[in-house]
Amino acid sequence: MLSKSQARTFFIVFTGGFSLVFLGLTVDTVRAVPERSHEAELSDRAKRGKRLWDENNCMGCHTLLGEGGYYAPELTKVVERRGAAWIDLFLQDPQQMFPGQRKMVKYDFTAEERRDVIAFLTWIGEVDTNGFPAPPDMTLSGAAPGTNAGQIAAAPKPGADPLANAPTMFRTVCVACHAVGGVGGNTGPSLDGVADRYTAEALDQWLADPQAVKPGTAMPNLNLSDDVRGELVAWLRARGTQETSR
Amino acid sequence: MKYNSQKVAYIFFATCIGLLFLQIIYGFIMGFAHMGFDGLHDVIPFNAARATHTNLLVVWLLTGFMGASYYIIPEEADRELFSVKLAYVQWASLVLVGVVAVAGFHLGWWEGRKFLEIPRPLDYLVVVNVLMFIFNVGYTALKGRRFTTTGLVLLAGLVSAALLYLPGMIYFDSQVLDSYFRWWVVHLWVEGVWELIMGSLLSFLLIKLTGVDREVIEKWLYVIVGITFLSGILGTGHHYYWIGTPKYWLMVGGVFSALEPLAFLGMAIYAVAMMRRGGRRHPNRVALFWTVGCGILSFVGAGFLGFAHTLPQVNLYTHGTLVTAMHGHLAFWGAYATIVFGMIAYTLPELTGRKLYSGWMPEWAFWTSNIGMLGMTGALAVAGVAQVYLERRMGMDFLAAQKAVEVHFFGMILAASLFTVGIVLFAINFIQHGLPVSEATVSSTREPEPEPPSTPAMARSV
Ligand code: HEM
Ligand code: HEM
Ligand SMILES: [Fe+2]
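Chains as they are written, first to last, in the numbering used here: chain Z, 5 to 250; chain E, 11 to 472.
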């Protein structure tokens, strides 16, 4: 049977051997990472963004590359999911964007700092992560709590861009939470057919102050000017007629 | 207790328990926040609570390892500790670093890297502190009259843990490399060198409590830590699947980390077999409970629950969800917290000369805390699996999925309360033992050592 000195030899040989293999793989990995992570595109702005990320310990609530706290959304693909304009608006006042929800700290970032953070998140979104996070493999959607959503819109029609002539506000901000024609986020309900449910006045009131219309709603008050609201309402209504006429 | 200087262990153990209570408070803060009660958000935001919770955990475990070393090294080396005064200075500086770090977390002074939140300037103090500690025990061991395998493995674990802290202090602009080297600390600690520490504490306790021949115990110690490194070093790859590192890590990490549970299975079999063989001869039954409990629970928490999500096919979906939190709790508890508790349960009567190990309290402390922790793990498991299903597979919005699992945090908090009752009982028992006394040195050397097993020849042949 195994003696103590044989056991010791086993320990020393395997520990030494595998340490060497590990160091070898590390050298190879450190060589391969710049290309896989597009390190050439890691701008000074993005580097400053990482400093802000570190200094504020965003990882204590969020995961990034799947690492961090489990209290807040995974952020590796957040730019792809929400868009830079929405994130910029969100960072100015997170609690206003998600009224009544789990809270994020309100950082009083300057416009420059917000751009730095977004540059960092954009860079991380392009790292080759071997397929993480995996796209959901069952087509069922879920919406923010307390909403009447859940029904995802029809799959996008090939060739057609549902956002083709949408107002900028819609294309950059609303779409982060709402889908039209199968394109967009699932935090709020799909806005296909919203024209059938609301009159122009009702839509305008809703956009001006959602809480006044439906206390406790998860739809944010985005402080939209009269002009922007007018554009949005007109577009949503016009989409409605296109849809029904088709 | 053989040597008077072993008494320094006491203050480390007392600190340990104090810090654990503080850790639990922050655990509750986070548990309630997950349930939707985040009233403390403006004072202690979640990230501050989290940094405090996990860093206190690491600090109290290290404090426990240090206390254990101050007890074991003189005993194994057969001489007094090199310097008791240095040990107290080291203790004080450790507490100072800890207090400053925790206060800093509440003021936003931190590094924002999971588990390594302690800011750089304090890192240097940690290094100085650990050097003081290593010098003190290392010198004692070198100048000792004997150099046992148990002592050697313990020292090797402590020194390599100190060395592996260094890669965590390098700054990288690239998040990918930052993460790559962060795991050199986090993974190579808990699934590598800390297992050396755990294994040596386990064999020390088994030698003391079961009376099985040292040669047999120490031989198996080598085998187990051999398996640890055989699997655990390349097993680091299970953290390199999705962070921007090359694809071969899926293979390397998957295969080798799947072998890691063998080391913990080894620890479990080791503890149970030695207990069987030696019989429960030592009157300190509850210390043996903790020792064997450590062997078994480390296999469940680290081995089994680690294996459950270590294959890339599974990890793609569970990565960074509450499933990880579930595994983190039972692994840290089963492997490292219980071994520290085992050391405390065994050494306290030796240090104070009061044999308060029988009676309901220490045993209830054992059962309620362990059952509570298993309940917490179960609640997190249900929450984690539900989260994976809703968010990762069905594509539900993050916050909506969190709402759906809120209720399981209520279950977790109930179980955590039971757990806390166990810890309170343990602490009361600790306090009842009183302070260490020099007379205990004499009294315990007179205490009959447990009888060697009746068939030593057979024992040797296994
Ligand atoms: C008794 C009351 C406790 C409660 C209520 C509690 C609760 C929590 C919560 C809510 C988290 C945060 C998960 C997240 O990021 O969302 C956490 C993290 C953690 N806790 Fe606890 N905890 C408790 C005790 C403990 C104990 C005794 C240990 C160690 C033995 C421990 C080890 C950990 C670890 C390692 C993490 C980090 C997990 C990870 O990042 O994967 N906790 N705890
Ligand atoms: C006592 C030993 C162990 C402890 C204390 C421990 C603790 C932890 C902790 C705290 C994490 C979260 C780390 C982070 O996200 O920053 C983690 C992650 C992980 N552990 Fe362990 N672990 C142990 C052993 C094992 C073993 C033996 C296995 C495999 C068989 C394993 C598999 C994993 C995996 C796959 C992850 C990554 C989870 C993810 O992708 O989010 N662990 N462990
Ligand atoms: Fe690991």
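If you're looking for bench data, these hints aren't it; they were derived computationally from the structure. Where is the CB? At the ideal position from N, CA and C, for every residue including glycine. One or more of the hints may lead you astray.
List time: in silico BS3-like cross-link candidates among lysine-lysine, alpha-carbon distance up to 25 angstroms [to be verified]:
| no. | chain 1 | residue 1 | chain 2 | residue 2 |
| --- | --- | --- | --- | --- |
| 1 | Z | 8 | E | 365 |
| 2 | Z | 107 | E | 124 |
| 3 | E | 257 | Z | 81 |
| 4 | E | 365 | Z | 110 |
| 5 | E | 12 | E | 95 |
| 6 | Z | 218 | E | 218 |
| 7 | Z | 81 | Z | 107 |
| 8 | E | 124 | Z | 51 |
| 9 | Z | 107 | E | 413 |
| 10 | E | 413 | Z | 81 |
| 11 | Z | 110 | E | 95 |
| 12 | Z | 8 | E | 257 |
| 13 | E | 124 | Z | 81 |
Here are the in silico distance ranges between beta carbons for each label pair [unchecked claim]:
| no. | chain 1 | residue 1 | chain 2 | residue 2 | range |
| --- | --- | --- | --- | --- | --- |
| 14 | E | 399 | Z | 42 | 42 to 52 angstroms |
| 15 | E | 420 | Z | 226 | 30 to 40 angstroms |
| 16 | Z | 111 | E | 293 | 57 to 67 angstroms |
| 17 | E | 444 | Z | 31 | 27 to 37 angstroms |
| 18 | E | 444 | Z | 135 | 52 to 62 angstroms |
| 19 | Z | 138 | E | 364 | 53 to 63 angstroms |
| 20 | Z | 138 | E | 268 | 39 to 49 angstroms |
| 21 | Z | 229 | E | 28 | 20 to 30 angstroms |
Which earlier hints turn out false for this structure, listed by number in ascending order?
Result: hints 1, 4, 6, 11, 12, 14, 17, 20, 21 break, sorted rising.
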